[in-house]
Each structure stands twice: as C-alpha cells, then as structure tokens.
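Colleague: Letter by letter, the chains look like this.
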Amino acid sequence: MSNINTKALASPLTWASTIELLESVKVDEIGVKERVASLSTRSIKRESKLQALNYIVSMCDLTTLEGEDTEGKVLQMTAKAMRPDPTDKEVPSAAAVCVYPSLVSTAKEIIGTSNVKVASVSSYFPSGQVPLESKLLDTKFAIDEGADEIDIVINRKAFFEGDYRKVFDEIVALKEACGNIHLKTILEVGELRTYENIKKASLIALAAGSDFIKTSTGKISNGSSKEACLVMAKAVYEFKESSGFSAGIKVAGGIRNSKDAIRYLIIIKEELGEDWLHADYFRFGASSLLDDVLKQIRKLKTNAYQSSYYFPRG
Amino acid sequence: MVKWEYSESIESDSIVSIQDKYGHFIDGKFSTPNSKNYLKTVSPSTEEVLASISIGNKKDVDKAVNAAKEGFKRWSKTTPSERAKYLYKLARLIQERSREFAVLESMDGGKPIKESRDFDLPQVASNFFYFAGWADKLDISWGAKEMKPYGVVGQIIPWNFPLLMLAWKVAPALATGNTVVLKPAETTPLTALLFAELCEEVGLPKGVFNLVTGDGTTGAELVNHEGISKIAFTGSTSVGKYIQNAVGERDIGLTLELGGKAANIVYNDAALDQAVEGVVNGIFFNQGHVCCAGSRLLLQEDIHDEFINKLEKRMQTLRVGNPLDKNTDIGAINSKEQLDKITSLVNEGVNDGGELFQIECELPSSGYWYRPSLFTNVQPSYNIAREEIFGPVLTTLTFRTPEEAVEIANNTEYGLSAGIWTEKGSKILWTADRLDAGVIWANTFNKFDPSSPFGGYKESGFGREGGRHGLLSYLKVRS
Numbered sequence: 001m002s003n004i005n006t007k008a009l010a011s012p013l014t015w016a017s018t019i020e021l022l023e024s025v026k027v028d029e030i031g032v033k034e035r036v037a038s039l040s041t042r043s044i045k046r047e048s049k050l051q052a053l054n055y056i057v058s059m060c061d062l063t064t065l066e067g068e069d070t071e072g073k074v075l076q077m078t079a080k081a082m083r084p085d086p087t088d089k090e091v092p093s094a095a096a097v098c099v100y101p102s103l104v105s106t107a108k109e110i111i112g113t114s115n116v117k118v119a120s121v122s123s124y125f126p127s128g129q130v131p132l133e134s135k136l137l138d139t140k141f142a143i144d145e146g147a148d149e150i151d152i153v154i155n156r157k158a159f160f161e162g163d164y165r166k167v168f169d170e171i172v173a174l175k176e177a178c179g180n181i182h183l184k185t186i187l188e189v190g191e192l193r194t195y196e197n198i199k200k201a202s203l204i205a206l207a208a209g210s211d212f213i214k215t216s217t218g219k220i221s222n223g224s225s226k227e228a229c230l231v232m233a234k235a236v237y238e239f240k241e242s243s244g245f246s247a248g249i250k251v252a253g254g255i256r257n258s259k260d261a262i263r264y265l266i267i268i269k270e271e272l273g274e275d276w277l278h279a280d281y282f283r284f285g286a287s288s289l290l291d292d293v294l295k296q297i298r299k300l301k302t303n304a305y306q307s308s309y310y311f312p313r314g
Numbered sequence: 001m002v003k004w005e006y007s008e009s010i011e012s013d014s015i016v017s018i019q020d021k022y023g024h025f026i027d028g029k030f031s032t033p034n035s036k037n038y039l040k041t042v043s044p045s046t047e048e049v050l051a052s053i054s055i056g057n058k059k060d061v062d063k064a065v066n067a068a069k070e071g072f073k074r075w076s077k078t079t080p081s082e083r084a085k086y087l088y089k090l091a092r093l094i095q096e097r098s099r100e101f102a103v104l105e106s107m108d109g110g111k112p113i114k115e116s117r118d119f120d121l122p123q124v125a126s127n128f129f130y131f132a133g134w135a136d137k138l139d140i141s142w143g144a145k146e147m148k149p150y151g152v153v154g155q156i157i158p159w160n161f162p163l164l165m166l167a168w169k170v171a172p173a174l175a176t177g178n179t180v181v182l183k184p185a186e187t188t189p190l191t192a193l194l195f196a197e198l199c200e201e202v203g204l205p206k207g208v209f210n211l212v213t214g215d216g217t218t219g220a221e222l223v224n225h226e227g228i229s230k231i232a233f234t235g236s237t238s239v240g241k242y243i244q245n246a247v248g249e250r251d252i253g254l255t256l257e258l259g260g261k262a263a264n265i266v267y268n269d270a271a272l273d274q275a276v277e278g279v280v281n282g283i284f285f286n287q288g289h290v291c292c293a294g295s296r297l298l299l300q301e302d303i304h305d306e307f308i309n310k311l312e313k314r315m316q317t318l319r320v321g322n323p324l325d326k327n328t329d330i331g332a333i334n335s336k337e338q339l340d341k342i343t344s345l346v347n348e349g350v351n352d353g354g355e356l357f358q359i360e361c362e363l364p365s366s367g368y369w370y371r372p373s374l375f376t377n378v379q380p381s382y383n384i385a386r387e388e389i390f391g392p393v394l395t396t397l398t399f400r401t402p403e404e405a406v407e408i409a410n411n412t413e414y415g416l417s418a419g420i421w422t423e424k425g426s427k428i429l430w431t432a433d434r435l436d437a438g439v440i441w442a443n444t445f446n447k448f449d450p451s452s453p454f455g456g457y458k459e460s461g462f463g464r465e466g467g468r469h470g471l472l473s474y475l476k477v478r479s
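Protein chains in written order, with the working numbering: chain B, 1 to 314; chain A, 1 to 479.
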C-alpha cells in the first residue's frame, strides 16, 4: 500500500458524450436495497478479517473539518495518520489526512517523506453556495499550500434546478485548476436522496474528470450509505466500460465501526473487483473509524479488546 | 497483487444429532417399520451417508392411514382455537430450533446455509403462524354456510424445499381440521423426521400428523390407498400426471403443484443492473432447484449484448461450494440423478447449437456440483428452451416487441410463474394481464408470503397453496 496516487489522472469528456451517459439512468430502489442486504450477510472471519482491517487503515482519510480546528489539532491527527499504532509496525499508515485549506501547510510540515497525503476540502465546502470564481480561488489556495488531493462539492443548487450543464462545467473548471492534483468530488448523497439522482450525479462528476467520487461532506445527518456506495460503484463500472477510466470511490459520513467499513469493502470487491481494493481506488473518510479498526486488529492478534487509552489520540 | 479471499466461515453441524436409522412416525410416536428395506440418505456436498431411511411398504402406509383416520375422528371435533394453539406452538418451536433445522436442511439437501437460515426457516415458521391464524376464522374465509375438512390427506413433497413444502402442506391441512400422512422426498427426509419429533414435543394429538418415509413405491401406496380423501402433491409433471390418472376413478380431492419453465422478461426500459440481480436470483436461487425458477430469460433484442455482459460478470462472482459455509451462494446439486439430468440436458443444448457460458470456479472433489451456466444463441425449438432443467442453467431468448415477448413467454406447456422487468408501470400491467402464469413478479423475483396464493396454470398444476385460497385446497365448501 505504499504508493498512493500513482495511477493515471482522469480527463473530462465532452458535454455531448456526458448527456449520452445520463440518458439511460434507471435505478430500482428495492433492488439496490436487496443487493446491499444480501452482501451484508457475508461473514468475514480470521485472516480475511485482519486483511480487511489493514486495508481499511491504509484507505483511511483521517479527517477533521471543524471551525475549532487549530494547528495543534491537525499536527496530532497527522502524526496519528503516519503511525496509527506505534506499538504494531505491521499496521500501515493511513492514506491521507483531510483538512480545511488554511491547515494544509501545517499538515504538510509534519508529513515529511511519509507516504501520507494531504487532502484539502475546497470549493466552499460543505455548501458550495458561492460563485465559481470563489471556488477556484479556494481551490488554488489549497493547492498553493501544498495539498496533494482536493475534495470539492458539487453544485447541488444547480443540480436540483436541473442545470446539469452547470454542475458539469464547474467540476471541469475545478479539475483544470487542479492540474495533476487528484480531484475527489463530493455528491452529498443525503441531499440527492434518490438513487437515480445519485447515479446521475456520479456520472456527471466522473465525466467532468473527477478522479474519485465521494458520498458525503459528513456535515449532514444522513451521510454515507452502503446503498449509495453500491449505486456509485455501478456508475464507476459503467464509466469504465464507456471511457476506459477507472475512477475511485470515497465513502465518508457516519462510518464509525469496523464491521460497517468491512461491509463497504465487500460491496467494492464484489461489484468492482480486487483491483479496487487499494487506496488509489477506494477511501474511507472518517474521524472515529480508525480507532475502532485499531482495536479490532489488536483483538485479532492478542485476543484482548483494549481501551481507547492504549491508542494515541489523533 | 494480494487478493482478498474470504476465509471459510462454517456453520457448525454439532447442533444436529442424526440417528443411524429412522422408523416412521405413526399415531404420535416413532415405530419400527414393517418394511425391511432401507435407503441411505446422503449429503450431496460430501456423498457421506447421513442415515438409513425405511422404504415404507403397503402395511406401513396402511398403519399410518388408519392412525390418521382415528386421529381425524378426534381432530375434526377439536375446537378451532385449540387446533390453532398447536399450530402456534409448532411455529414457535420451529423458530426456537431454526438453526438446527437450517443446518440439517443444508446437510441433507445441499442448499447454502444462508438460504436455509434466511429464507427456508423464516418462511416455514411464518406459514405455521399464518395458518394458525385461520384455524378459528374459517367461517369468514369464504362466507360459505358450512365447510368441512376432507378427512385423511395424503401429502407428497419434493426435495428442493423439504421443510418449507412440508409447512405449505401440513399447516393449512391441520388448521382446517384434516389429518395428514406425509411422505417426504427420498433424498431429503431428515427435516421432516425432526419435525415429527416436534409434534411429539408439543403433544399434538395422536394420529393427526403421520410420516412415512420411502421412495416412489411408498408414494404410490399412499396415492392408491382407499382411506385417503385427498392428495396434495408437489413435484414433477410426470408423477403429477400419474397421480391424476390413479385417482381419476375415485371420490378424492387433488391438488398438484408441478413443473415450470418461467419466462423472466426484461424490457429495454428496465433498471438493468437490478434486473441482472433479479435474473440471477431467479435462476440460481437454490441451485435452480425451484419449480417457479425464471429459467427462460427473455431479453429485448436491443439490450441483449449489454445485458449478457453484465450478467456474465455478475455470475462470475457467485461463490460455489460447501453449503455450510456462510459465504456460499450456490450449494450442491441435490442428487447424482439430478446432476446427470442437468448434464445431459446441457450437452443436448450445446449439440443443438446453443452457446454455453459457465463460470470459472473450483468445485469440491467429492459431492455433486454444477457450475452456474448461461445459454445464449438459443432457438425456442431447442429442448433447453422447453424442458424444465431444474438446475443452475439459464436459457436466453430474444424478442422485439411486447406482443412477441408475451407470445414466447406463453409458448410452453407450463404456466407456474413469470417475471417482468420495466420501469414503466403501464407496461407491467399490460404484460401481466396477458401472461398465462399463476404467479407473476414485477421488478423482483422469487418473493413469497404465506398470505399470497401460489400455484400454476396448464401443466404446472392446479389448486393454490397459501393465502385464503390455500384453505380451499383442504376444505369442502357447502352453501
């Protein structure tokens, strides 16, 4: 898991070919729920569980996105991302830390030669309710500060007003601003609500050149869901079939325990295949998930379920 | 690249205790058979012998029918709410011991534990609960002046859903005041024998439920016994025809639930990804050993290639193997005989010119296994498009218009079930209206509920099981 962000970058399609992708979007809600329920009965034990837990650590974007964030808090968290469990060298580092633009340089400072990436939210996360010019400024600032990855939000105002072209154009413009920086596009599935909306938004974001599509900002009560992840995986597959590009998925918002996270991994494995089980293709955005995973790893290895104070604060 | 394989996650079989040898359950207790002949029931996933089962003869059947006759005198006079009480007790006990039943079902029949645990057993319990509820409400079920039970009912059940088919038959028969002589399938008698133990445990009055194990000869004795007032049979169409002939000259009730070759129609305006799931569930559920399986995939021609691509990709993720592994999707074929039948029909399909896709997977070295299979390039005249294969083999046909879809769907001697996939509601209704099938699903498949009557048209049989209509299979109505 050492080499992250080595895969080729996405490039936007034309609007005309994007429209074609959107034409046939049909999703049956009950079918989606049944498939997720069925995959949730998979029983992951022993070696396969340990392997899954290590994957989850290596795919984790350790996140803090609060008004109260300070340099001190971000330094703590970044140090934790670099060495999640100082007592166990087999535990990999997290994939990235995810912070606001003003704290990017702080995280970069401590990261040194570590493989951990610094991701910054931008485009006026979480609402995105500003003109494109402001979103571009926000993004350029984060990049200038040294961000390796940029997490933007789609324009839900435009989406619900039916202006898919505007949603697309804004992402294209932000992608251009990103250059060779990896772009993750947040759909905010809890606002989009229907699976057809989620699939449409996924395809628009993919066609506009997103390297990843991401479920949620984590700032609303209904964040990620396994159903949304499944629909996004279908979109990623369809997009690969038509364009040849393999995009990644980031699930974020309310994923707090190992069991839940493993269920996401199962969806990705069975829907997209083994190739997606890598931080270049799948990420978890979370703040409290990591500690639960570390506890589970130690439990598997030592048979002792230890308290939080055995693990460093992040 | 390191792959993420699921470690084995085996449901322990230590919960079940299987005897070496079983007798029949007659007059409220297990008894030594008159017949000296036994057959061995094997686990189809290991070929290991699980137990010896008596092949009940004429005298065994005689004894059981006589016990049921005596039992009927008392049971038909039992108050309806009292009958309900026993059925509720059975339902609760089945729930309590559902893990034991599920493991035994998977061992004896080969179906994946996730299906016996999450489908069969919950359905079994809910059927007993459902018909327990009807027992004291028969007067309002059809508004008839008077309704009488038949008397002694002979019930012959198949090997694909052994305990569930028992529940479909025994629960309504007992709720309506009949008594029962049941013959389970020769390859899957163990859960029925365990059910008999439960009847003893709840103190079900003597002679109300009787069980005679055996093979086809035992079934024939039951069908031809003069003490029987009604036969309920689920199984193959050929045996169904034999039974109908055999009872033709007698005053006897009959319901038959037989084969099927259901069309699963996918229109080009369907939600294709979910339709793929539904088609997979429609044919590969329970290794395709399902009479209402969606075994003929009818695809609108313009989505054929896209759909087949998605379907093959999805099929490749099916996990074939040990039925007791919680991650197994496809278990063992029920018997050597069935495996041979599937193999020979598939070979015939290939020789006819069908294009065969089978998934790549390792099959266990012992036991009976068949790879999930898909035929394309099939003409309606091929045998694989006409005969019930009763295995994990899907046959694809194409159509151009809704009219043509209906025509092909109905172009079969069977009429048990059908599926329709489209996001357009009006098209669902238009199509369903024209399909000759007893059960039609739209944008889903293989959904069951005790309150919904199940049964076929044409050579798929007659009579209904489940729901208010299911009561009529066990009642004589007078008004």
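Keep in mind that the hints were calculated from the coordinates and are not lab data.
Just so we're clear, the structure is a prediction, and the values are computed from it rather than from any experiment.
Treat the hints loosely; a few may be bogus.
Claimed, not checked - Calculated pairs, DSS-like style, for lysine-lysine (alpha carbon to alpha carbon, straight line, at most 30 Å): (1) B:K33 / A:K29; (2) B:K33 / B:K108; (3) B:K240 / A:K3; (4) B:K33 / A:K59; (5) B:K45 / A:K3; (6) A:K63 / B:K26; (7) B:K157 / A:K63; (8) B:K33 / A:K63; (9) B:K259 / A:K40; (10) A:K424 / B:K33; (11) A:K341 / A:K40; (12) A:K313 / B:K45; (13) A:K85 / A:K63; (14) A:K326 / B:K299; (15) A:K59 / B:K89; (16) A:K59 / B:K259; (17) A:K447 / B:K299; (18) A:K313 / B:K7; (19) A:K58 / A:K85.
Colleague: Given the proposed pairing of K447 (chain A) with K299 (chain B), does the C-alpha separation stay at or below 30 Å?
Modeller: Violated, because 40 Å separates the two Cα atoms, which is more than 30 Å.
Colleague: For the pair supplied as a hint, K33 (chain B) and K63 (chain A), is the alpha-carbon distance within the 30 Å limit?
Modeller: 51 Å, violated
Colleague: Need the status of pair K424 (chain A), K33 (chain B): alpha-carbon distance at most 30 Å?
Modeller: 20 Å, holds
Colleague: Starting from K326 (chain A), check that the Cα of K299 (chain B) is at most 30 Å away, please.
Modeller: Judged against 30 Å, a Cα distance of about 23 Å means the pair holds.
Colleague: Taking 30 Å as the top limit, are the C-alpha atoms of K59 (chain A) and K89 (chain B) close enough?
Modeller: 74 Å, violated
Colleague: Keeping to a limit of 30 Å between CA atoms, is the pair of K33 (chain B) and K59 (chain A) held or broken?
Modeller: Distance ~53 Å between K33 (chain B) and K59 (chain A) Cα, so the pair is violated.
Colleague: Take a quick look at whether K33 (chain B) and K108 (chain B) sit within 30 Å of each other, Cα to Cα.
Modeller: Not satisfied, since the Cα-Cα distance of roughly 41 Å exceeds 30 Å.
Colleague: Against the 30 Å threshold, does the CA-CA distance of K58 (chain A) and K85 (chain A) hold or violate the hint?
Modeller: Not OK: K58 (chain A) and K85 (chain A) at ~33 Å, beyond 30 Å, violated.
Colleague: With a cut-off of 30 Å on the C-alpha distance, tell me whether K63 (chain A) and K26 (chain B) pass.
Modeller: Outside the cut-off at roughly 60 Å; violated.
Colleague: Between the alpha carbons of K59 (chain A) and K259 (chain B), is the straight-line distance 30 Å or under?
Modeller: With Cα atoms ~57 Å apart, K59 (chain A) and K259 (chain B) exceed 30 Å; violated.
Colleague: For the pair supplied as a hint, K313 (chain A) and K45 (chain B), confirm whether the alpha-carbon distance does not exceed 30 Å.
Modeller: 26 Å, holds
Colleague: Are the Cα positions of K33 (chain B) and K29 (chain A) separated by 30 Å at most?
Modeller: Violated - the C-alpha atoms of K29 (chain A) and K33 (chain B) are around 46 Å apart, more than 30 Å.
When held up to the earlier numbered hints, the structure conflicts with 1, 2, 4, 6, 7, 8, 9, 15, 16, 17 and 19 and fits the remainder.
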